[in-house]
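2 protein chains.
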Amino acid sequence: MMEKHTTGEMPIRIIPLGGVEEIGRNMTIIECGNDIVVIDAGLEFPVEETPGIDYIIPNTKYLESRKHKIRALIISHGHLDHTGAIPYIMDMIGNPTIYTTKLTKAMILRKQEEFPHAAKLRIEEVRSGDKIKLGALAARFFDITHTIPDAIGIIIETHIGNIIYPGDFKIETDAKGNPLQIDSYVKIGKENNLALLLESTNAEVPGFSIPEKTVQRNLEKIISEAKGRVITGTFSSLLERIIELIKIAEKYDRKVVIDGFSMKTNVEIAKELGYFKPKENAIISVERINDYPPEKILAICTGAQGEENAALMRIANRRHKHIKIQKEDTIVLSSSVIPGNERSIQNLKDNLARQGAKIIHYKVADVHASGHAYQEELKMMTKMINPKFLIPIHGYYFMLKNNADLAESIGMRAENIVPPLRNGSIIEVAKNKIRTLKESAPANYVMVDGLGVNDVKEVVLRDRQMLAQDGIFVIITVIDSQTGKVKNSPDIISRGFIYLRESQELLKQTRQLIKKTVEDATGKMHPINVTYVKDLLKERVGKFLFQKTKRRPMVLPVLLEV
Amino acid sequence: MMEKHTTGEMPIRIIPLGGVEEIGRNMTIIECGNDIVVIDAGLEFPVEETPGIDYIIPNTKYLESRKHKIRALIISHGHLDHTGAIPYIMDMIGNPTIYTTKLTKAMILRKQEEFPHAAKLRIEEVRSGDKIKLGALAARFFDITHTIPDAIGIIIETHIGNIIYPGDFKIETDAKGNPLQIDSYVKIGKENNLALLLESTNAEVPGFSIPEKTVQRNLEKIISEAKGRVITGTFSSLLERIIELIKIAEKYDRKVVIDGFSMKTNVEIAKELGYFKPKENAIISVERINDYPPEKILAICTGAQGEENAALMRIANRRHKHIKIQKEDTIVLSSSVIPGNERSIQNLKDNLARQGAKIIHYKVADVHASGHAYQEELKMMTKMINPKFLIPIHGYYFMLKNNADLAESIGMRAENIVPPLRNGSIIEVAKNKIRTLKESAPANYVMVDGLGVNDVKEVVLRDRQMLAQDGIFVIITVIDSQTGKVKNSPDIISRGFIYLRESQELLKQTRQLIKKTVEDATGKMHPINVTYVKDLLKERVGKFLFQKTKRRPMVLPVLLEV
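Protein chains in written order, with the numbering used here: chain H, 2 to 563; chain D, 2 to 563.
Just so you know, these hints were derived from the structure itself, not from any lab.
Careful, some of the hints might be misleading.
Identical copies carry no separate label here, and so any pair may be met within one copy or between two of them.
No more than 27 Å apart at the CA atoms, straight line, and that leaves these computed lysine-lysine pairs for DSS-like [unchecked claim]:
(1) 228 with 280
(2) 364 with 214
(3) 265 with 297
(4) 488 with 535
(5) 214 with 278
(6) 509 with 458
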């Protein structure tokens, strides 16, 4: 137990509640005696095995039973994989004060408006250089470059050294190609740094990431040379790039149309807070797009992943009220392909190309760059921060492993690098030793589906998967409880199994089988054992349908006695 | 109508029944007067929008009404996207003679054994240089390199020129780096070539594909240097590579274990037909893998895409009876990532790496190459064959478009290049003119699900998708037909919607709503209008559940009068 240690030797616990063994729902706990600091509270989008789910969020059980110890929730930047769980978990963990930067604060508060019944948040603004006391711990902050303004790295000071959490980052260069923020990392590197929590998203990718500056330059070239409209599709989360696009449009005297709810919201917030200062009327509403000649328009849209109702997809499918593709349009897909979206993106490209648009995507020109450090950047960061221990976080096992191997390749000792963690792993770090405990914090998926948080269990998902494969087959049989005979013909309701209109013969045979199965069973049965008959029906009908169709619909028998 | 033309001016019809607007289910018709030649009959694997489906095959309606004209089905090579529809369609199109090469024939016949009730096939063996008369048409054949032995290109001779169908191909090089088969393409290029049907799979990818020779060399290096076992995962369809791996194993005195049903079958067929001649005992059964020291073993497994029950996945999940990962094992994933499989492959890599295996994949070394021509190869082929007209086939719209653009870039006239086709498009080609007719052949999806061919309709798929989202909610209400009152409490059966055990309050409220809805409606209704009450229940209960949960399960009301 922690409490047995005197302060001098008290080890620190570091627990990733989410974000390892996966991409998304990032959340990390730092615990020291009676003080806990939580970093980030993200969500993850549903995966193949969780059909119908809206989001997956971290499991906060460990925190719930220790909520009196929580001194802060610190948020590194305004992306949903770092903020998205906030509306769902704050009540449960005692609504601690949130510390974050100005833009991130505004984005969190805007999102919270969609949850009128959720706790009222207390958010304190911090910036690079600030220091806040959090019980026996303290937090300091440093600037980081990601893909959204106001991303911030976190230093947690403890009695045995600093724990450094850069969050999501890349090493960006300035216009001359010089790396940015290096000085401050080197300066931090001179402190007593116990552990570095290092993201692993691109730990498999050799070299340096493409600088965002290069992307911006290429976009500027495309926009300056285009004869007609330029329509760009990108992620609403890439706020740095969106702001840059607006600036480029101004430079080349094009009006900007922003289409997509999340993108509009993000741009509005950034504008209100002064992160960029467009001229009056630089941004026009989409309804007015046809009031200007094509060469005076830059549209920035959501939907580059082919999301069904996003702006670009509506344009592609000719369902957009105001934007119809014209021959001279240049479409720039300024985004990567998120695994799983290949078909939708193919569709998007096909439908746009069919209408004669010229399409530029990241495979033919550098119009997108990742916001996450590649191998050389990860090695640089590790070298500069120079921690005693390295803890790879954020990514699947293989990515974490790659990140660990990178650290070893630049000379860190293997015993000072934490091997890939599981969600909920409890790391105990002392002055000269780091180890992963046998016990762990609960970390299984907490699923959000509609209004329900954690009310969708394994069994519900399994049923959804089964239903998606071969559908459902409901049998309603009314039995005369006196005679055990089936009254009338059994009702059959089926969905997703077979085209009923063309399957009359199969249904007829199934009805006969039902009647026979029930009456054979109930013949000498007084009273009728309903559970037994139902199980029997389920088995026999299931087998029969499989024989006839090689499909296995979910068979649900209903027996009514009258 | 065709029949009006005299032979001299009779145009030829070319119809892609499948394989355009998609990847897979390749099938192309060439029709001239009273003669039809069909090329390939492939299947496509299910897509996101077709849950629970086994395969999608071409729609053969156009052929069914013209089956007396069909002179041949010619198959270019033994991959399922070119052969897989055969068991399902031959009866419907009059079971024409199949012409193909020796290996392809054996593979088709082996597959057909799984369909004892299907038509007995007549297959004639052909080889490069052969010529067969097919009514007014004739077919000749030429060697092509793909990823399976015995792939063959097809020349259909017509009264106005040749139609060339290379099928799936790449321009492969020999050990010295010289391109293979070029001479024969150049020779064909000197004939009167009316149209080239050119695949577009990689028409978006610049440059040349990696030669298979390079991959083989790299695999040899890895195998020769490995201290322990080498376990390779690849596609069973890459038969050329599998044979090469067996040869490498022999060279370095390793026994070969082949694990995976389809892979074993393919290797057996190739061996029986003499495509390679291993020494006795070169291939051992998987049960004997542990009888040899690790450095004497090369295992070739299916499952490099993380397919659930394939060999490599069972190894990764520690469910394999005979193969457990050892520290010195080298795993080579000799395959690409098929879109949609990213998560499963991530899982595969994670689980293998967790057990300490060293993993080599295509991103870190050239251990895989595509079997489909890249841009430079496509341009070469077009140049060499030198057709009057180019018809891009095999691929999504954007790929076909790219292929068309490539031809234009090397000087073909735009009006001689057919713009991207739809499945079922009818192209009419005359001596000096090519056009796409307004009418088209039926080409919608024909789906195979279990034993059913084409019995799964749109509505069934829509239901499966809905069920996968929010499940189903069945209400069984018994009404006293005299009084219109609900007898007992309504039964509710729900699957995939909500965890019932924790939702008692919701169910209670729903039952009250059902009772009230029914009784309000039936109060003054004699006789009871069952359809009306059911519709009302569906609407009210659906609305109520959405309000309470923000989910939309499929609501199915059952009313029974007693």
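Hints and how they fare:
For the homomeric pair residue 228 and residue 280, the shortest alpha-carbon distance inside one copy (23 Å) is at most 27 Å, but the shortest distance between copies (67 Å) is not. Taking CA atoms no more than 27 Å apart as the test, residue 364 paired with residue 214 passes in both settings, with 18 Å inside one copy and 26 Å between copies. Taking the shortest alpha-carbon separations for residue 265 and residue 297, only the intra-copy value of 20 Å comes in at or below 27 Å, while the best inter-copy value is 62 Å. In this homomeric assembly, residue 488 and residue 535 come within 27 Å of each other (Cα to Cα) both inside a single copy, at 16 Å, and across copies, at 21 Å.
In the homo-oligomer, the alpha carbons of residue 214 and residue 278 lie at most 27 Å apart inside one protomer (20 Å), although the nearest pairing across protomers, at 57 Å, exceeds that limit. Taking the shortest alpha-carbon separations for residue 509 and residue 458, only the inter-copy value of 20 Å comes in at or below 27 Å, while the best intra-copy value is 36 Å.
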